[in-house]
Amino acid sequence: DAKTTQPTSMDCAEGRAANLPCNHSTISGNEYVYWYRQIHSQGPQYIIHGLKNNETNEMASLIITEDRKSSTLILPHATLRDTAVYYCIVSNAGGTSYGKLTFGQGTILTVHP
Amino acid sequence: DAGVTQSPTHLIKTRGQQVTLRCSPKSGHDTVSWYQQALGQGPQFIFQYYEEEERQRGNFPDRFSGHQFPNYSSELNVNALLLGDSALYLCASSSLTDGNTIYFGEGSWLTVV
Chain A
120 DAKTTQPTSM
130 DCAEGRAANL
140 PCNHSTISGN
150 EYVYWYRQIH
160 SQGPQYIIHG
170 LKNNETNEMA
180 SLIITEDRKS
190 STLILPHATL
200 RDTAVYYCIV
210 SNAGGTSYGK
220 LTFGQGTILT
230 VHP
Chain B
27 DAGVTQSPTH
37 LIKTRGQQVT
47 LRCSPKSGHD
57 TVSWYQQALG
67 QGPQFIFQYY
77 EEEERQRGNF
87 PDRFSGHQFP
97 NYSSELNVNA
107 LLLGDSALYL
117 CASSSLTDGN
127 TIYFGEGSWL
137 TVV
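Residue numbers (my numbering), protein chains in the order written: chain A, 120 to 232; chain B, 27 to 139.
It should be emphasised that the hints constitute simulated quantities derived from the structure, not laboratory data.
Ideal Cβ placement from N, Cα and C applies to all residues, glycine included.
Incorrect hints may appear among the rest.
As the list claims (entries may be wrong) - In silico contact screen, one side only, chain B against chain A (beta carbon under 7 Å); selected entries:
no. : residue
1   : 69
2   : 77
3   : 116
Claimed, not checked - Computed spacing ranges between beta-carbons, pair by pair:
no. : chain 1 : residue 1 : chain 2 : residue 2 : range
4   : B       : 87        : A       : 160       : 36 to 42 Å
5   : A       : 191       : B       : 93        : 29 to 35 Å
6   : B       : 88        : A       : 170       : 32 to 38 Å
7   : A       : 147       : B       : 67        : 25 to 31 Å
8   : B       : 40        : A       : 177       : 29 to 35 Å
9   : B       : 77        : A       : 191       : 22 to 28 Å
10  : A       : 199       : B       : 105       : 40 to 46 Å
11  : A       : 177       : B       : 87        : 22 to 28 Å
12  : B       : 105       : A       : 140       : 38 to 44 Å
13  : B       : 40        : A       : 173       : 47 to 53 Å
To be verified - Computed footprint of chain B on chain A; a stretch qualifies when at least three of its residues, placed anywhere within it, have a C-beta under 8 Å from a C-beta of chain B:
no. : stretch
14  : 162 to 174
15  : 219 to 228
Can you make the complete structure from the sequences, with help from the hints?
And the structure:
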């Protein structure tokens, strides 16, 4: 699986959009970009995933660049409950590594009042 | 529709003992993966079960073993416990028929004393 690079930490004001970047320059054509978040002592929560098109769901939007070497997770209106560690993961879903996620250190997002 | 459920939520064991952790996947999911998360680290892939067989394995010793039952539920067994096995053990379930989405349970906290 391709490696990802994320900032160690980010801050965001409550009510503003939180834009979390992720670099995955070695991503291959059949690898998906997954985003999870983890609040202290809880299991990782699935947010969104995509292959090459931008995706949106009730939680967030995922913007993937045309060359697929980077992506941005957007939380449109951050709340204090969005404070968590956010993981960007690239995985060969459907291939030999199906279901195996390789977690990095993630980005600690702190939303402040 | 229940998500991924794990039991027990917390347990304490003594060095040298054996432990069994249990996981029920999300309804409709047939693939179960196990992860270990040490304090302050991201989750690390242990192994994955599909059709009652181990399909992939991470870099964990043979003291870590598992099983999947016909109803897709799974167990993780750890023998000869070491202090370093103290961690949050996470179960994740997935299915190719569910859009490659991987869901995690809340985990089992294991403390080895």
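We went through each hint and held it up to the structure:
| no. | hint | in the structure |
| --- | --- | --- |
| 1 | 69 | 5 Å, holds |
| 2 | 77 | 13 Å, violated |
| 3 | 116 | 5 Å, holds |
| 4 | B:87 / A:160: 36 to 42 Å | 26 Å, violated |
| 5 | A:191 / B:93: 29 to 35 Å | 40 Å, violated |
| 6 | B:88 / A:170: 32 to 38 Å | 36 Å, holds |
| 7 | A:147 / B:67: 25 to 31 Å | 26 Å, holds |
| 8 | B:40 / A:177: 29 to 35 Å | 45 Å, violated |
| 9 | B:77 / A:191: 22 to 28 Å | 37 Å, violated |
| 10 | A:199 / B:105: 40 to 46 Å | 43 Å, holds |
| 11 | A:177 / B:87: 22 to 28 Å | 41 Å, violated |
| 12 | B:105 / A:140: 38 to 44 Å | 42 Å, holds |
| 13 | B:40 / A:173: 47 to 53 Å | 51 Å, holds |
| 14 | 162 to 174 | holds (count 5) |
| 15 | 219 to 228 | holds (count 7) |
The structure shown violates the earlier hints numbered 2, 4, 5, 8, 9 and 11.
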